[in-house]
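Chains as they are written, first to last, in full-length UniProt numbering: chain A, 1 to 445; chain B, 1 to 445; chain C, 1 to 445.
These are computed hints drawn from the structure, not numbers from a lab.
Here the structure is a predicted model, which is why all the values come from computation and not from measurement.
Note that the Cβ used here is the ideal one computed from N, Cα and C, for glycine as well.
Possibly wrong hints are sitting among the right ones.
Stated by the list, open to error - Quick list of simulated restraints, FRET-style, between CB atoms:
#1 Pro399(A) to Val197(C): 27 to 35 Å
#2 Asp97(B) to Pro399(C): 55 to 63 Å
#3 Ala384(B) to Asp194(C): 31 to 39 Å
#4 Gly195(A) to Val197(C): 35 to 43 Å
#5 Arg324(C) to Trp301(A): 32 to 40 Å
#6 His401(A) to Ile316(C): 53 to 61 Å
#7 His401(A) to Glu400(B): 35 to 43 Å
#8 Gly412(A) to Leu325(B): 41 to 49 Å
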Amino acid sequence: MVLEPLQTSPETLETLVTGVNLLWVLVVTFLIFFMHAGFAMLEAGQVRSKNVANQLTKNLLTWSVGVSVFFVIGAGVSSLVGGGGFSPAFVAENPNDWVGWLFGAVFAMTAATIVSGAVAGRAKLRAYVTYTFLLAAVIYPVVTGITWAGAYISFGGAAFHDFAGGMIVHGMGGIAGLTAAYVLGPRMGRYNEDGSVNVIPGHSLTFAVLGTLILAFGWYGFNVGTAASVFVFTDGSLQLGAFSYVGRVAMTTTIAMAAGAIGAAGVAWAKTGKVDTLYVANGLLAGLVGITAIPDTTSWWGAFLVGGLAGAQLPIVFSFIEKRLQIDDVCAVFPVHGSAGVLGTLMFPFVAAEAPAGGIVNAFIAQVIGVVAIAAWTIVATAAVWGVLKAIGQARVTPEHEQEGLDVSEHGVETYPEFGSGESVVADGGMVSENVRTDGGSKDD
Amino acid sequence: MVLEPLQTSPETLETLVTGVNLLWVLVVTFLIFFMHAGFAMLEAGQVRSKNVANQLTKNLLTWSVGVSVFFVIGAGVSSLVGGGGFSPAFVAENPNDWVGWLFGAVFAMTAATIVSGAVAGRAKLRAYVTYTFLLAAVIYPVVTGITWAGAYISFGGAAFHDFAGGMIVHGMGGIAGLTAAYVLGPRMGRYNEDGSVNVIPGHSLTFAVLGTLILAFGWYGFNVGTAASVFVFTDGSLQLGAFSYVGRVAMTTTIAMAAGAIGAAGVAWAKTGKVDTLYVANGLLAGLVGITAIPDTTSWWGAFLVGGLAGAQLPIVFSFIEKRLQIDDVCAVFPVHGSAGVLGTLMFPFVAAEAPAGGIVNAFIAQVIGVVAIAAWTIVATAAVWGVLKAIGQARVTPEHEQEGLDVSEHGVETYPEFGSGESVVADGGMVSENVRTDGGSKDD
Amino acid sequence: MVLEPLQTSPETLETLVTGVNLLWVLVVTFLIFFMHAGFAMLEAGQVRSKNVANQLTKNLLTWSVGVSVFFVIGAGVSSLVGGGGFSPAFVAENPNDWVGWLFGAVFAMTAATIVSGAVAGRAKLRAYVTYTFLLAAVIYPVVTGITWAGAYISFGGAAFHDFAGGMIVHGMGGIAGLTAAYVLGPRMGRYNEDGSVNVIPGHSLTFAVLGTLILAFGWYGFNVGTAASVFVFTDGSLQLGAFSYVGRVAMTTTIAMAAGAIGAAGVAWAKTGKVDTLYVANGLLAGLVGITAIPDTTSWWGAFLVGGLAGAQLPIVFSFIEKRLQIDDVCAVFPVHGSAGVLGTLMFPFVAAEAPAGGIVNAFIAQVIGVVAIAAWTIVATAAVWGVLKAIGQARVTPEHEQEGLDVSEHGVETYPEFGSGESVVADGGMVSENVRTDGGSKDD
């Protein structure tokens with residue numbers, strides 16, 4: 001083989017960078033999209049069988065309505081708030097700009113879908129869809145506008161650091177969910193008159209764990225994929241971009257996930273002598289949430305620490321929300337996404353492999369400012385929307401519909417017509433008859 | 001770092017193109033393969049619990065038998081019909097040629113597996129496997145032979161356009177399914193003597209929605225992956241290949257999927273006042289089918305339009321098939337894959353971002369010719385195979401076996417031995433006893 | 001466009017190789033990780049509903065505990081045994097070294113999780129976690145140390161060949177599972193006093209088949225991804241690495257999977273006249289296991305042969321283990337992973353597309369040595385650990401807990417509080433009543 005000068009131009013290298021980066025971003029975008037299957041299964045598994053179809057429909061519509069709204073409005077609002085003017089996604093100069101839009105959209109829809117887990121079992125479908133519309137159009141885009149797009153938050157040389165959305169996506173979603181659940185009030189029968197709590201177990205741990213593992217799979221796209229630039233073309237030469245440290249992101253994501261499951265299992269075991277399966281699953285997710293703001297900078301021991309604490313806080317915070325605050329956060333979205341996201345974001349300067357820019361104190365203050373700003377905006381906006389819906393009597397289904405189950409009342413379907421609700425259902429293979437829709441007459445309901 | 005002339009040859013660029021393209025095609029091929037899990041869950045969820053294992057077995061054997069046959073025969077038939085001579089897949093000059101074969105095979109198996117949803121609950125396993133054999137060996141390869149391989153269909157300078165198989169794969173599969181379901185006749189109890197219809201609800205909406213979301217995930221491989229060339233090496237230089245417009249494919253696929261769910265939800269809500277979960281799920285899929293022929297050329301508003309119409313037609317066409325034609329298309333494969341595929345294929349010239357070659361009229365005529373040719377061949381071939389099977393009494397299980405359920409009669413298993421069929425089953429943890437296998441004694445069966 | 005000399009250096013090509021290879025390895029690593037969802041569903045589907053949460057928890061903790069241990073200890077042990085000194089994973093010179101660690105970890109965790117299927121329904125959680133700890137820290141690392149790391153096994157110029165872990169991962173896991181199941185003894189009621197066998201059917205074939213298809217999806221990462229180097233940089237130029245033959249790996253993996261399902265279906269049909277769904281699913285997996293040691297070298301007809309035999313042996317070996325050896329291998333992990341892995345590994349020289357180095361006889365002897373060495377170590381180490389646990393009364397739950405189900409006794413949860421166990425469950429949302437726990441006793445079993 002005769003070596004001869006390469007008949008090409010610098011543009012070849014730029015083309016190489018473009019093609020490979022597009023390939024990578026597309027693959028991880030698909031993975032992040034698949035998290036919707038994870039959320040759907042995780043949430044479906046944690047609700048009563050009479051409300052499963054409702055939960056699934058909400059998940060399908062979160063994506064469908066949300067991504068459409070984010071295409072037409074939301075992405076433009078984000079750029080507007082970020083100082084780039086209103087440039088909606090449908091106006092793309094180059095078709096490949098839509099890859100960037102879709103990459104942003106799957107993050108946005110993750111924030112949106114978290115909320116559905118908190119308001120399960122009693123929110124009206126139209127109320128939920130209305131909120132999703134506003135979240136995708138304005139609420140979430142404002143959060144990304146002031147952070148990823150505008151980068152307005154900093155303190156003393158330290159910029160607010162949230163690599164893949166531990167606070168921007170998960171913290172925001174978890175806080176929004178808790179706020180909505182508070183405004184909406186608990187499911188019927190969740191609390192007794194004396195303030196004691198009834199547990200309403202989900203209908204299928206298998207689906208919940210399946211959802212957990214699908215989410216963990218997609219999360220590799222979420223975190224590792226946020227290292228979006230395989231290559232960069234600078235000063236006329238091709239270099240590794242975020243892929244110069246992608247191995248750290250992959251490692252810390254893995255370790256924090258593992259530590260989260262172990263942390264939650266440990267606390268559950270210490271409290272009750274048994275290892276609650278749902279705590280282990282949600283602990284694994286809390287570990288992932290915990291590291292999501294900081295997988296690019298955290299040391300290996302920091303990943304163990306952040307993940308372990310994010311998992312360990314889960315049973316404690318869940319219990320606090322349930323028993324003290326008496327907020328009915330059905331799928332534990334606040335302990336999993338909210339408090340774990342805040343925790344990881346705030347731990348940034350203390351677990352970094354290298355000292356953060358601006359120093360530890362300034363970096364911590366910048367993190368606090370970011371967390372407070374995002375939380376405040378999310379709480380205010382979410383409370384306003386659900387408050388208005390509640391005020392006009394559109395937030396919540398009627399008590400009759402809630403008792404009957406939302407599947408029948410909102411969707412006209414039954415999720416498992418052959419299973420689980422007694423002889424009359426088995427007998428006709430079809431819709432449940434009136435006497436079946438008594439909610440099982442359980443003391444736990 | 002001293003810059004020196006790159007010690008390499010033009011072959012380096014070719015190697016780069018080869019390696020990166022192989023990587024991309026492999027990844028999307030895996031995603032498309034995963035659609036079998038989606039079909040398995042979607043279909044299993046839509047059948048009675050007594051027929052679930054049968055449906056799952058059909059899905060496993062569709063892939064196993066089909067891909068073997070396509071390897072030994074089918075790929076060769078496709079190249080033969082396409083004018084390239086009979087070159088079966090096992091004769092590969094270079095091992096990496098098998099990547100191209102596998103990429104083709106996952107599309108072929110998608111067409112094959114669609115049929116199983118239409119003939120659920122009464123087709124004999126051996127009949128179904130026989131049809132799958134012939135589909136993978138001849139029926140589908142003829143379709144790809146006259147289109148993707150031979151490119152024979154055109155009119156006045158306009159070539160038949162089907163980017164990822166909206167008609168070639170999905171339209172073909174949906175039409176084949178409807179044909180087979182017609183020949184086979186409806187399930188027992190599906191229609192009353194007065195012509196009225198009994199609904200036979202599927203046993204698990206959760207599995208159906210899980211399947212839907214797995215399919216949507218895999219569909220990104222299906223559509224975006226059909227933009228198979230990241231790079232091309234032309235005139236001695238490396239350029240973006242299909243990746244010069246891959247962002248459009250990703251965007252239109254996403255938007256049409258979303259619009260499909262919204263369109264179906266809207267029509268269902270308008271008709272009944274409720275949002276049927278299965279319509280939303282199938283609408284999302286119909287939106288995907290609708291765009292599959294044309295994701296590379298469609299404008300953003302066209303994607304909303306095609307997806308929305310594909311979703312909106314679903315409840316209407318389903319009802320027409322069910323009530324007027326009285327064909328028992330169990331999993332709605334015609335409204336989801338057939339009519340939606342035809343619709344999107346025909347809309348090609350009207351929603352394209354740029355005027356199609358040959359002009360709108362000629363392009364539309366070319367599309368009509370392609371749709372008619374594929375439909376005619378599929379109907380004739382499918383009716384012939386199932387007609388012969390029916391004539392020799394091998395198409396359908398006995399009424400006793402159908403009532404008992406195909407799981408027991410064809411497979412000797414019960415899918416859920418602990419659930420759902422009354423006390424006798426719960427008591428022994430094993431097989432259902434005789435009195436349970438009465439098909440529920442329902443008017444709906 | 002003016003062509004000018006490329007302003008770059010040889011380092012550009014090295015950077016290209018690094019970036020693209022990292023991208024590929026990350027993607028396939030995510031796919032292999034997702035196999036945990038597959039194992040979780042496959043195993044959950046094959047156990048009684050009273051033990052599902054236990055199985056799911058074991059799967060979650062296998063990953064969480066195992067990957068942590070492999071990070072801190074196991075990877076270091078592997079390098080130590082392999083002659084490279086103790087270099088634990090947390091000491092990485094470059095963050096991207098962690099990609100290599102994670103790639104190794106997902107293989108290690110696959111071996112670990114296989115065991116949980118064999119000991120289902122009676123192993124104590126703490127015993128299982130202890131074994132997982134030791135497997136991840138020492139038992140599996142010794143196996144990789146003497147093979148992939150150290151490459152100590154060879155005979156007459158022929159080196160032990162195990163491309164992706166047909167023996168090292170699957171054979172090892174299957175043999176470990178059988179050993180542990182033997183030490184632990186069968187589930188209560190599995191065998192009658194006269195030696196006859198009671199079948200204890202799993203609670204959901206749907207989950208089992210879902211798990212199968214998720215595993216097959218992930219297996220493309222496992223096998224094809226073991227062709228880990230897209231490019232290599234040698235003699236100053238960029239070449240295809242393992243991607244020079246990646247198409248063979250993809251083809252043989254596909255064909256063997258298909259042949260495995262067909263082989264198992266055929267034997268099941270020949271034996272009983274029916275096509276058992278679980279045999280088809282497990283046969284598909286056995287076909288995959290069979291080819292895993294040799295997808296890079298096997299001819300296309302060899303893939304049919306290896307896969308077909310791996311599938312065909314499944315019902316026979318399963319029956320032998322169950323009836324003759326009377327070992328209660330709940331999820332058939334030995335026939336699927338053990339004997340199929342051994343079979344494929346030993347068939348290496350006979351089905352290779354090109355004559356193996358050292359000749360067929362020497363190559364076969366090298367394979368035998370490798371299989372025997374790995375099997376012996378695995379049996380001894382596994383028997384020792386479970387033997388000690390048994391001796392101190394920590395291996396197995398009490399008969400009361402086993403009868404009650406491990407979900408309640410070990411985890412304090414019920415997987416399906418609304419389904420399947422008769423009226424008492426529907427009424428109280430809680431525990432199954434005594435008369436339900438007869439575990440099989442059916443005339444049909």
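Checked hints:
1. Pro399(A) to Val197(C): 27 to 35 Å: Distance hint for proline 399(A), valine 197(C) is violated at roughly 53 Å.
2. Asp97(B) to Pro399(C): 55 to 63 Å: holds (59 Å)
3. Ala384(B) to Asp194(C): 31 to 39 Å: violated (55 Å)
4. Gly195(A) to Val197(C): 35 to 43 Å: violated (54 Å)
5. Arg324(C) to Trp301(A): 32 to 40 Å: violated (51 Å)
6. His401(A) to Ile316(C): 53 to 61 Å: Holds, at about 56 Å.
7. His401(A) to Glu400(B): 35 to 43 Å: holds (42 Å)
8. Gly412(A) to Leu325(B): 41 to 49 Å: Roughly 24 Å apart at Cβ, these two residues miss the hinted range, so it is violated.
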